[in-house]
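Take the sequences, apply the hints, and build the full model.
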Amino acid sequence: MKKVRTRIVSIWLPRLSIERWEKLSQGSDDAPDPDARIVLTVEGPHGTLVHAPNDAAAITGARAGQRLTDARALDPALAAIPCDLEGDAALMGRLARWATRWSPAVEQDGRDALRLDVSGAAHLFGGEKAMLDDIEARLAAMGLTARTAIADTPLAAWALAHFSREGSGQESGRGELSGSAQAPPRTKEERRIASAALARALAPLPVAALRLPANVVTTLGRLGLKTVASLSGIERRSLARRFRTQDNPLDALDRALGRAPEPIDPQRVKLLPHALLRLKEPVTDPEAAAQALDLLVPDLARKLEGERLGLRCLSLTGYRLDGSVARIEARTALPSRETPHLKRLLAEKTASMDPEFGFDAFMLLADAVEPLDPAQDALDGGEPDGVAVGRLVDRIATRLGPQAVTRPRHRASHMPERASGWASAIADKAEEKPAPLQAPRPERLLDTPEAISVLYATPEGLPRRFVWRRAVHDIKKVEGPERIAPEWWREYRPARLRDYYRVEDQAGRRYWIFREGLFGDGRGGDPAWYIHGLFG
Amino acid sequence: MIASRVEDRLSIAAGDLPRAAELAAAGDVVRPHEPPPDGDAGVGLRVPRPASPTLVETFATHPRDAGWTRFLAAQLPRGKPLLWVQERMAILEAGRIHPPGLEELGLLDIIHVAVPDTPRLLWTMEEGLRCPGLGGVIGEAWGEHARLDFTATRRLAFASEQHGVACWLMRLGAGAANLSGARWRWRVESRPSAPNPYNPRAPGATRLMLDLFRARGRAPGTWEWADEEGPDQDRLDLAAAPVDRAVGEIEPRQRRRA
Chain A
19 MKKVRTRIVS
29 IWLPRLSIER
39 WEKLSQGSDD
49 APDPDARIVL
59 TVEGPHGTLV
69 HAPNDAAAIT
79 GARAGQRLTD
89 ARALDPALAA
99 IPCDLEGDAA
109 LMGRLARWAT
119 RWSPAVEQDG
129 RDALRLDVSG
139 AAHLFGGEKA
149 MLDDIEARLA
159 AMGLTARTAI
169 ADTPLAAWAL
179 AHFSREGSGQ
189 ESGRGELSGS
199 AQAPPRTKEE
209 RRIASAALAR
219 ALAPLPVAAL
229 RLPANVVTTL
239 GRLGLKTVAS
249 LSGIERRSLA
259 RRFRTQDNPL
269 DALDRALGRA
279 PEPIDPQRVK
289 LLPHALLRLK
299 EPVTDPEAAA
309 QALDLLVPDL
319 ARKLEGERLG
329 LRCLSLTGYR
339 LDGSVARIEA
349 RTALPSRETP
359 HLKRLLAEKT
369 ASMDPEFGFD
379 AFMLLADAVE
389 PLDPAQDALD
399 GGEPDGVAVG
409 RLVDRIATRL
419 GPQAVTRPRH
429 RASHMPERAS
439 GWASAIADKA
449 EEKPAPLQAP
459 RPERLLDTPE
469 AISVLYATPE
479 GLPRRFVWRR
489 AVHDIKKVEG
499 PERIAPEWWR
509 EYRPARLRDY
519 YRVEDQAGRR
529 YWIFREGLFG
539 DGRGGDPAWY
549 IHGLFG
Chain B
448 MIASRVEDRL
458 SIAAGDLPRA
468 AELAAAGDVV
478 RPHEPPPDGD
488 AGVGLRVPRP
498 ASPTLVETFA
508 THPRDAGWTR
518 FLAAQLPRGK
528 PLLWVQERMA
538 ILEAGRIHPP
548 GLEELGLLDI
558 IHVAVPDTPR
568 LLWTMEEGLR
578 CPGLGGVIGE
588 AWGEHARLDF
598 TATRRLAFAS
608 EQHGVACWLM
618 RLGAGAANLS
628 GARWRWRVES
638 RPSAPNPYNP
648 RAPGATRLML
658 DLFRARGRAP
668 GTWEWADEEG
678 PDQDRLDLAA
688 APVDRAVGEI
698 EPRQRRRA
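Quick note, the sequences are listed as chains A and B, same order. Everything in the first sequence is counted per the working numbering, starting at 19 for the first residue and increasing by one. Everything in the second sequence is counted per the working numbering, starting at 448 for the first residue and increasing by one.
The reader is advised that the hints may include incorrect statements.
[To be verified] Just a sample of chain B residues kept apart from chain A, beta carbon distances all over 10 angstroms, derived:
id: 1; residue: 501
id: 2; residue: 551
id: 3; residue: 609
id: 4; residue: 623
id: 5; residue: 648
id: 6; residue: 666
[As the list claims (entries may be wrong)] Which residues of chain B face chain A? A few of them, derived with a C-beta cut under 10 angstroms, are:
id: 7; residue: 524
id: 8; residue: 528
id: 9; residue: 558
id: 10; residue: 650
Calculated directly from the structure, the hints in this document are not laboratory data. Using N, Cα and C, we set each Cβ at its ideal position, and we do this for glycine too.
Have a look at this one:
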């Protein structure tokens, strides 16, 4: 397989906070005067800091990172509004999901930037320049200023997006675009040229573009090393004494130029199997999602078969024109890659995907995969029983919700309602614990014990008669009590013990009732009675 | 489990033994752990059940009478998972099924589905019936929903027969039996339990009044059914005290062999 040249796109949203705030405040009734000088602020360790000034405030001298008092000294009329950093982060999260339309490998890069691995994908969008134009145009349509760059390494892309100057030609603002070569440089000579082109693009940038800590940038400035170009002639040994290993600007330069690997990339996830469908025109047909499934599911199933994987969780994402996404997902009890089954699971939900202004792309993603070797059919040619039951569980869970389909799960506990729990049948089968040896238990249990009024011989006599749901039951036969003490290691202290009785009324119907507490146990007033179950 | 017939709609004469035995044999499957029928008229007749999987509809005469659970458990197949579907109202009114209680009856592998209403109950049951890996489908319907009509039950019956998965439709809180496509229809009511041999005040073995008011291929009838294995399964009966024989006493035959 031909190795594809790594290409990383960095998207920087320099005015994310203020643009989001302006967009939100426009909608409200008290929309601010556009000429008002406003800054968004955050609390720093030494007082309030300016986080983002609006245009009017920027003209009067407010800068991000400045102290609010300093900014007010320049412009006393400055209005300060606390910044909603969590809201910004949520928006970035949404944008990161949305950006999967260009490449599934998207990660958030700091507070206000995204990083996309578009290796071998740019030609799908008409080349690298067209793709960057597309990204900026779509973000601009959302009211967000974006600066994008593409380069061979994440650090170089980040540097070019953040520091290449606006006015100095479109190309430099975009990093070093390679017009022709999607193919990686093969010979040593080609590699050298690719590296040299990147070095030329980075050369005029300030040293801060190498993502160095602030104190390192200051030190370099004092040494007179202000641009990346000035670093190139420096001997490594002469800088080694001044900087810690991880801060060495020459190492950072090596990483930017791709001579050294990026040391850690913790957020990078393994590419999950997916199938992508891009539409030439946005479609508003409500059937579009269902039709897209017909194309995508076989495609995904083929990919899964190639890797001998089966999926446990599947999602279909529709990318709308306005940057929002619609997403449906389905889970399976057993790993599966069978086309009709998967199609059927999602087809039920496609109706909930509202096209609004129209979808222009669909992606089918296997969110969770497990190894699945080709299985043998049963002897009679059908599928094995376990598989059939797993499919049934999937279908019901898709229709009624995963919490509706359950299997019994035992827990080691004395309390009846805790000892017999239910676990979702979709989830992995929990290890079955044997039920502890115990007295007869009812066949049916009320989800919550219901209070009943009981006639009984105080203080601890047998019950004679009870009223449940307005019906009087005369107790003819009774067996008990079975005393169940509260689990003191789990419940708080006033929990009371329970005395369970198995009773039979005049009609022969059998119930499980209990008295909670004893007279004078110091945990509340008189004991209360409850009904908890029905015996067969 | 022993069922004793107390009334027969076809009014078989008490002495008509061959006919009664034939009826008993027709639809009955004898499980290995059951004692063989003693053949006595009226006593020891097994409760009949369909020879092949089909839809069996059972009415509980009182909504909060869970006695039918034991009758149902006696008829359910073992070894394959069961799909047990409960409507929301059935859960609220008569409780959710409780695995420890069912495990005592030998029902271990259960997939439980809680559905909000009768139409979705029917959908879920039908999906289950199409799945050959299931041992049976049990659906608990509450009240008389308009969708629970002849067509719906007939669909269930056909699906059950076509795919060979047995289906039990439990009707809780329903009034009079309406028109139904079920091949077998029972009405079940609890009776005061049998005397408990160890504690006169405690409930004993479950006793049920079973009324088979519609059955395909056999005569309807009424039974009183007692779950003899009931609450005494794990009791240890005391053996008679050992008594020494007289010294030197030898059986005559043994002496001859020696």
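Now the hints, each set against the structure:
1. 501: Holds, since 20 angstroms exceeds 10 angstroms.
2. 551: Residue 551 of chain B is in fact no farther than 10 angstroms from some Cβ atom of chain A, at 7 angstroms.
3. 609: holds, 15 angstroms
4. 623: holds, 20 angstroms
5. 648: Since the minimum Cβ distance to chain A is about 6 angstroms, residue 648 of chain B lies within 10 angstroms and the statement is violated.
6. 666: holds, 26 angstroms
7. 524: violated, 13 angstroms
8. 528: holds, 6 angstroms
9. 558: holds, 6 angstroms
10. 650: With a minimum Cβ separation of about 4 angstroms from chain A (threshold 10 angstroms), the hint on residue 650 of chain B holds.
Taken one by one, the earlier hints fail for this structure at numbers 2, 5, 7, listed in ascending order.
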